[in-house]
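There are 2 protein chains.
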Amino acid sequence: MSEPIAPLAPGSTIGILGSGQLGRMLALAAARLGLRAHVYDPAAANSPAGQICDQATTAPWEDTEALSAFAAQVDVITYEFENIPTATLDLLGAARPIRPGRRALEVSQDRLVEKRFLQDLGLATAPFAALDGPADLEAALAKAGAPGILKTRRFGYDGKGQARLAEAAEAAAALESLQGAPAILEGFVDFAFEVSVIGARGLDGAVACFDPGENIHRDGILRSTRVPARLSTAQRADAVLLTGKILNALDYVGVMGVELFVTPAGLVVNEIAPRVHNSGHWTQNGCTICQFEQHIRAVAGWPLGDGSRHSDVEMENLIGDDMDKLPAIQAEPGAALHLYGKAETRDGRKMGHVNRIIASG
Amino acid sequence: MSEPIAPLAPGSTIGILGSGQLGRMLALAAARLGLRAHVYDPAAANSPAGQICDQATTAPWEDTEALSAFAAQVDVITYEFENIPTATLDLLGAARPIRPGRRALEVSQDRLVEKRFLQDLGLATAPFAALDGPADLEAALAKAGAPGILKTRRFGYDGKGQARLAEAAEAAAALESLQGAPAILEGFVDFAFEVSVIGARGLDGAVACFDPGENIHRDGILRSTRVPARLSTAQRADAVLLTGKILNALDYVGVMGVELFVTPAGLVVNEIAPRVHNSGHWTQNGCTICQFEQHIRAVAGWPLGDGSRHSDVEMENLIGDDMDKLPAIQAEPGAALHLYGKAETRDGRKMGHVNRIIASG
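Protein chains in written order, with this note's numbering: chain B, 1 to 361; chain L, 1 to 361.
Hints are computed from structural coordinates only; laboratory data are not their basis.
Just so it is clear, CB atoms sit at the ideal spot from N, CA and C, and this is done for glycine as well.
Honestly, I wouldn't trust all of these hints.
As the list claims (entries may be wrong) - Footprint (simulated), chain L over chain B, 3 or more residues, beta carbon under 8 Å:
hint	segment
1	6-16
2	20-34
3	242-251
4	280-292
5	327-341
Stated by the list, open to error - Covered stretches of chain L (in silico footprint by chain B; criterion: 3 or more residues with CB under 8 Å from a CB of chain B, positions within the stretch not fixed):
hint	segment
6	51-65
7	74-82
8	165-178
9	278-290
To be verified - The following residues of chain L were derived to be distant from chain B, with all beta-carbon distances above 12 Å:
hint	residue
10	Thr88
11	Ala95
12	Pro264
13	Glu344
Using the sequences and the accompanying hints, generate a full structural model.
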């Protein structure tokens with residue numbers, strides 16, 4: 001299906017696959033712009049996004065009837081997570097534009113494909129090797145080295161589907177813990193810290209990046225992002241340029257998160273996410289146009305907005321019993337709270353985040 | 001009913017009377033804070049607020065059954081406009097806290113009561129006189145003078161229910177145009193410009209005001225608000241202090257708009273609105289916590305947030321065929337667009353607004 005050129009008119013509907021907090025904040029951004037949102041999710045009812053959407057479809061990813069009805073009611077389709085089944089995308093993509101497009105999903109759904117894509121672009125990545133089973137182990141260790149991290153090629157997030165290898169001797173057990181899933185061994189990168197760039201590309205090909213943020217992870221989950229990151233002017237330029245390179249190579253439309261290791265030898269791409277990204281939540285209180293609005297603008301065919309940063313911000317995720325700190329955060333000057341409408345607090349569950357303004361201007 | 005002391009927990013529901021753009025932006029702010037919104041309006045279905053709310057009740061203000069069901073489903077009730085029938089408030093107020101409270105509504109629903117309230121507080125107002133019919137005309141003109149403005153005591157907004165008097169001889173015809181409604185004659189105030197203060201008072205009695213904005217009206221409708229206003233430090237302090245006085249006198253909970261004339265003799269209160277206010281829309285892109293979130297925080301019993309201003313902003317209302325400018329505004333750097341989801345553009349209808357960042361820091 002050919003892409004419409006005209007920007008979607010006010011009142012048009014953005015279809016969103018997935019109904020978690022990213023979908024929720026995308027739907028809120030759409031509402032600000034006078035656009036409607038319709039989420040599709042096997043658990044859309046009463047979900048973070050379903051609560052605040054004009055329409056929500058609760059149906060499995062395999063329900064062709066529900067998918068067709070959904071597609072018929074929306075003007076464009078986007079998503080809040082990358083692991084959408086291929087058959088679902090085939091059906092939806094035949095009816096409506098899906099933005100970001102299929103190429104971005106193919107690349108980011110598989111860690112091996114992603115690494116090869118980045119390498120082909122001339123970008124630095126961790127050393128890596130494919131691992132289809134125990135027979136590949138020795139060759140993979142020789143190529144990627146140890147220590148390292150063994151990861152499933154598909155369906156990993158927030159540290160799930162990963163096993164660390166302190167030394168080569170642990171490799172066999174680690175591989176077994178992945179239960180035979182096709183895997184990739186990534187050699188360890190000795191980095192000073194991690195930053196991420198939230199980049200955006202419009203339907204017209206224009207590219208705009210938010211200021212890189214500096215990330216702190218714990219137990220494989222992002223805990224905080226701080227802007228500005230401790231980068232030199234040259235590093236900042238590199239980060240933005242390589243993000244533009246990735247966006248252009250994928251003919252990308254929407255917002256992408258690009259995680260980068262900062263090393264003495266330069267920036268190393270850790271991973272890319274074809275969607276709005278947790279490390280971009282600071283933009284809600286640091287910029288006139290946040291990552292969620294930027295993504296909606298792009299997928300709606302609008303010109304990209306002005307994402308320049310007006311404040312120094314530290315974003316902190318509220319995970320599990322971090323919610324006990326709520327009374328203190330509610331009363332904290334300069335703190336902007338964002339909660340996701342999840343009924344039940346669970347260990348490791350992202351319940352909300354707080355953007356703290358460190359300095360303005 | 002006694003007021004609960006504890007702040008509403010995440011997942012609680014704010015009931016909102018009225019489902020226009022103010023209700024919409026209140027509901028969006030509630031969502032950011034993890035609170036739900038349920039709007040009640042005779043025309044809630046597909047309304048600006050109804051589109052983005054978890055729940056919407058479409059029923060007349062007199063429908064006691066629907067009102068009771070609504071009250072049972074919400075934790076606290078607020079409103080986006082002041083002309084709610086008294087019987088409706090009686091019924092709802094018996095079931096749930098209404099914030100801001102009844103006193104604020106009684107005062108602001110009637111221009112005469114409002115003027116007397118302000119005068120009793122020692123605040124300057126335009127000279128005024130009550131006018132129950134033609135027999136009062138001569139005495140009213142003697143007291144309030146001409147030129148002036150004849151206004152209905154109740155149900156006026158955006159210049160409706162008003163007639164200007166250039167001279168006393170026009171008074172009889174002007175009064176007739178109001179079709180016998182109880183009226184007030186307000187003498188003309190010779191002012192340099194108008195500012196408004198968006199003030200907030202928490203359930204704990206804390207008061208916080210946003211920086212005063214400078215307003216431009218055309219045909220009785222607000223066209224733009226600019227911050228900072230051209231006020232001296234002393235005028236700025238006066239504006240904030242008198243707003244605090246009004247909020248405290250009403251034992252107010254929530255956000256209030258206070259319109260002030262700036263005259264050589266000091267600030268003159270034009271009118272007060274017991275709700276979020278069009279002249280406070282700039283706060284969405286000029287402050288960490290906007291007026292809508294501040295109002296939700298107050299009515300939910302949360303501590304007030306940090307409304308300090310980080311940017312200079314000009315807010316422009318998009319009224320009627322201002323919507324033709326949309327393509328240009330979409331592409332304008334530093335412009336944040338807010339659209340209300342109204343399907344039909346009509347003359348004089350507020351369709352959205354744009355906040356332009358003039359300078360940051």
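message = Of all the hints numbered above, which does this structure not satisfy? Sort the numbers upward.
response = 3, 7, 8, 13
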